[in-house]
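For the protein sequence lines, the chains are G and F, in the order given. Note that full-length UniProt numbering numbers the first sequence so that position 80 is 80, with each residue one more than the last. Note that full-length UniProt numbering numbers the second sequence so that position 250 is 250, with each residue one more than the last.
Heads up, a few of these hints could be off.
[To be verified] So the derived label-pair ranges between C-beta atoms look like this:
| no. | chain 1 | residue 1 | chain 2 | residue 2 | range |
| --- | --- | --- | --- | --- | --- |
| 1 | G | Pro-53 | F | Gly-62 | 18 to 24 Å |
| 2 | G | Ala-103 | F | Ser-12 | 38 to 44 Å |
| 3 | F | Ala-110 | G | Met-1 | 52 to 58 Å |
| 4 | F | Pro-160 | G | Arg-130 | 55 to 61 Å |
Hint data in this document are derived by calculation from the structure and do not stem from the laboratory. Where a beta carbon is used, it is the ideal one built from N, C-alpha and C, also for glycine.
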Amino acid sequence: MTPDRLRAALRGVPDPQWLDAALRRVATEPAAIPRYFAAAARRCGRGPVPDPPGWTVDEAARALLLTALPGGHATVAETLYREGDAAEKRAVLRALPLLPIGAECVPLLHDAIRTNDTRLVAAALGPYARHLEQPAWRQAVLKCVFAGVPLAVVDGLPDRADGELAQMLAAYAAERHAAGRAMPADATDLLDRLTTTTEA
Amino acid sequence: MRIFDPHIHMTSRTTDDYERMAAAGVRAVVEPAFWLGQPRTGVQSFVDYFDSLIGWEPFRAGQFGVRHHATVALNPKEANDPRCRPVLDVLPRYLDKDGVVAVGEIGYDAMTPAEDAALAGQLALAVAHDLPALVHTPHRDKARGVERTLAVVAESGIAPGRVLIDHLNEVTVDLVRDTGCWLGFSIYPETKMSPPRMVELLKAYGTERMLVNSAADWGRSDPLLTRATGEAMLDAGFDADDVDRVLWRNPVEFYGQSGRLDLTDLEDPAATFAGNSILRGGA
């Protein structure tokens with residue numbers, strides 16, 4: 001994902017002048033970002049963009065606003081996350097891989113994964129989760145299974161899933177089985193794949 | 001029957017309530033910020049509460065197909081505690097949020113000077129943020145409280161059509177009817193209003209600018225009394241359009257003045273544009 005691609009995705013917003021002006025202002029006056037960030041959904045829309053897949057207009061607009069900052073991205077991202085409503089928090093999480101912040105914003109992932117809002121948990125498991133420690137990442141994947149979040153949201157799952165995650169999934173499958181409940185099909189598939197790989 | 005409950009404290013209710021409300025036709029609610037029974041002692045308690053009103057609670061409501069918006073304010077009772085008054089300084093950032101469709105509940109509890117200052121200051125915030133205001137009226141010394149409330153509202157310069165005066169009854173309805181403000185009535189199992197008494201007021205005063213809510217919270221209250229009032233209206237000879245006006249179109253029109261009411265997929269799908277049907281009332 002690149003800012004240019006998001007910008008192209010937003011060509012059809014109802015009021016492109018508002019977004020252009022917001023991006024220019026934020027580039028020169030970073031302290032102005034909170035009000036633009038809060039208003040972005042009602043000014044630009046909330047529906048899906050045609051491309052990139054899986055992004056909504058408000059997420060794309062807010063991510064672009066963050067990329068337009070001249071510096072201090074990690075600090076501003078943290079403030080916007082901490083002071084944001086659920087949609088603003090989600091947009092910050094989705095923007096993290098686009099920002100020059102290294103691993104500085106990993107605490108935001110921990111916060112999102114602790115919530116019971118499945119949209120935040122899902123948004124925390126995008127490409128930026130490569131900075132997340134493996135035990136926390138495994139817990140988050142298992143939380144997805146537990147909460148019914150499709151595993152397709154987990155970036156890089158096939159490469160990162162390991163034997164320890166397989167053990168956790170198998171134990172959870174046993175619990176579900178004992179309770180007479182089914183495992184989600186994507187979790188069963190993952191467990192099968194991990195078990196087969198280990199045995200091979 | 002589609003129902004918009006314009007005043008209900010869902011934070012205090014269970015998921016069983018959400019299920020029963022959705023089954024009864026409640027598709028949208030507004031949750032005003034208020035006190036919690038147990039007095040709060042500092043700003044951070046309010047911050048966590050407000051965050052819940054724009055974060056967790058809308059998510060919880062959404063799981064049952066109920067659209068959730070909020071109003072945010074320092075309530076009159078806690079405006080009297082100097083430890084809580086700095087809440088006024090954090091309000092502006094909440095008044096910018098999509099889910100916040102009015103400043104509220106503001107108003108009077110014991111009609112103290114501290115309440116005067118909080119009411120006037122927050123009406124000014126409503127004007128500055130181009131938001132309507134939801135105004136609570138006191139349970140004690142109610143008629144004089146309503147008169148004093150209306151005087152402060154008039155002084156503030158906010159347009160009367162952007163103000164909802166809530167918890168009215170037979171004694172106070174006349175004070176508000178000709179002011180241009182909207183009139184709110186809370187239907188309770190014992191106190192406040194009942195469905196049959198509400199029907200009598202609707203017969204006498206008509207359905208224009210009249211709002212009915214359950215004001216359900218942590219006390220004895222019932223989130224289905226909006227529905228019961230709609231049924232009592234039908235039994236009394238009102239038609240389905242009258243009921244729809246009181247229980248849906250009136251609250252939509254009032255809170256729609258915020259420009260932030262998002263009822264996408266809840267109303268006529270043809271009214272949406274690019275997945276965005278934010279109602280822009282007023283100008």
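Starting from the hint list further up, note which numbers the structure goes against and sort them upward. none
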